[in-house]
Amino acid sequence: RSPAACPQALEDQYSPSRWSPRLDRDTVVQAHLAATAAGTQRARASAETALHVPYGDGDGEKLDIYFPPDRSGTFPVLVYIHGGYWQCLSKEESGFAAPPLVSRGVAVVAVGYDTAPTGGCCPAEAAAAGAAPAPPDCALCPGHMDSMVLQVRRSLAFLVQRYPAIRGVYLCGHSAGAHLAAMVLSTDWTDYGVVPDIKGAVLVSGIYDLEPILHTYVNDVLSMSREVAQRNSPMHCIAPTAPAACEVLVAVAQHDSLEFRRQSREYGQALRAAGWSVSMLDLAGVDHFDIIEKLSEESYVLTQVGEGLPPSR
1 RSPAACPQAL EDQYSPSRWS PRLDRDTVVQ AHLAATAAGT QRARASAETA LHVPYGDGDG
61 EKLDIYFPPD RSGTFPVLVY IHGGYWQCLS KEESGFAAPP LVSRGVAVVA VGYDTAPTGG
121 CCPAEAAAAG AAPAPPDCAL CPGHMDSMVL QVRRSLAFLV QRYPAIRGVY LCGHSAGAHL
181 AAMVLSTDWT DYGVVPDIKG AVLVSGIYDL EPILHTYVND VLSMSREVAQ RNSPMHCIAP
241 TAPAACEVLV AVAQHDSLEF RRQSREYGQA LRAAGWSVSM LDLAGVDHFD IIEKLSEESY
301 VLTQVGEGLP PSR
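Heads up, the sequence shown is in UniProt numbering, so the first residue is 1 and it goes up one at a time.
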């Protein structure tokens, strides 16, 4: 159980906009949306792209792919999974990190998934419509936590099957996207027909134990039960056998809340204890939002991690 156990303390700890010293709560969120959307538009204008590539039949099951200039050989791919507390943002704001990476021969893929509440079986949506809600564990409902995890896993399987020139997959997720990326690391690929060659993961300001947010406003829309939260918590799903060649970087912002910082620290420690190769990075001078926005900058430390990937050849 989270140390910040009283309800109001949890609300504050899991409200990232409360902790930014740069801007007030509403302004920092709007500035984040504007920065990532504008960065994505610049990326689309400057790179060769394949946009809205379907990896399934769902409305949100689409990828945006930003290709390196030279596609004659093989190339690594960085797969970016957006945050938004599993209920907002999209791939339309997720291409901002592409320019400095594609110029180095790395493809960038922004993953779309159905955020909550999407499907008709969502209890909150059903209640608002005056209908009888389906059981909250309706796992195949778009926007259900089980479904989001499944979608991101399927997007990876589709990607490596569709583009055989990929040589090495690197995950990058922010906030809720870091949670989803961490769940990808726990995947049993037996039923997917392929095993993606995941070489690394950059997990930025993530949530790795969902139990605390059951008691916050975040779950008003997600409607997770304790069972759903537990089976979708990376802390409880660490693969016992770590991939030999997979490097994981767990990054957190100086101005993230104590709970976000605790979650990153404890998840990194748990991965290490299970034999994974893990680095921890505590980034000074940034908050929950600009820690990821700065990926559009060549000189940023996390961008340099991506630029260190083996280029296309």
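Because the hints were derived from the structure by calculation, they are not lab data. Be aware that one or more of the hints could be misleading.
Straight-line C-alpha distance at most 25 Å; calculated DMTMM-like pairs for lysine to aspartate or glutamate [as the list claims (entries may be wrong)]:
1) Lys62 to Glu92
2) Lys199 to Asp59
3) Lys294 to Asp57
4) Lys294 to Asp59
5) Lys62 to Asp282
6) Lys199 to Asp70
Simulated restraints on C-beta separations [claimed, not checked]:
7) Glu297 to Glu227: 22 to 28 Å
8) Gln30 to Ser72: 41 to 47 Å
9) Ala165 to Ala38: 15 to 21 Å
10) Gln87 to Ala245: 22 to 28 Å
11) Asp26 to Ala239: 53 to 59 Å
12) Ala284 to Gln87: 25 to 31 Å
13) Asp282 to Pro69: 33 to 39 Å
14) Ala245 to Ala45: 30 to 36 Å
15) Ser277 to Asp12: 18 to 24 Å
16) Arg71 to Pro7: 27 to 33 Å
17) Ser15 to Val194: 21 to 27 Å
18) Gln304 to Pro7: 37 to 43 Å
19) Arg162 to Asp191: 33 to 39 Å
Ideal Cβ positions, reconstructed from N, Cα and C, are used throughout, including at glycine.
Exercise. Take a look at whether the Cβ-Cβ distance between arginine 162 and aspartate 191 falls inside 33 to 39 Å.
Key: With Cβ atoms ~18 Å apart, the hint is violated.
Exercise. Can you let me know if the beta-carbon spacing of glutamine 304 and proline 7 is within 37 to 43 Å?
Key: holds, 41 Å
Practice problem: With respect to the beta-carbon atoms only, verify the hint that aspartate 26 and alanine 239 lie 53 to 59 Å apart. | Solution: violated, 40 Å
Practice problem: Would you mind confirming whether the straight-line C-alpha gap from lysine 294 to aspartate 59 stays at or under 25 Å? | Solution: violated, 29 Å
Quiz prompt | Holds or violated: lysine 199 to aspartate 59, with C-alpha atoms at most 25 Å apart | solution = This hinted pair is violated, its Cα atoms lying about 29 Å apart.
Quiz item: Can the restraint linking lysine 62 and glutamate 92 be considered satisfied, given a maximum Cα separation of 25 Å?
Solution: It holds: about 11 Å lies between the C-alpha atoms, which stays within 25 Å.
Quiz item: glutamate 297 and glutamate 227, beta-carbon distance inside 22 to 28 Å?
Solution: violated, 42 Å
Practice problem: May I ask you to test the hint 30 to 36 Å on the CB atoms belonging to alanine 245 and alanine 45? | Solution: 35 Å Cβ-Cβ, so the 30 to 36 Å window holds.
Quiz item: Has the given pair, lysine 62 with aspartate 282, been kept, meaning a C-alpha gap of at most 25 Å?
Solution: violated, 32 Å
Quiz item: Lying within 18 to 24 Å: is that true of the beta-carbon distance serine 277 to aspartate 12?
Solution: violated, 34 Å
Practice problem: Look at the Cβ atoms of glutamine 87 and alanine 245 and judge whether their distance stays inside 22 to 28 Å. | Solution: violated, 34 Å
Quiz item: Is the hinted pair lysine 199 and aspartate 70 satisfied, with a Cα-Cα distance of at most 25 Å?
Solution: holds, 21 Å
Against the hints set out earlier in the document, violations occur for numbers 2, 3, 4, 5, 7, 9, 10, 11, 15, 16, 17 and 19.
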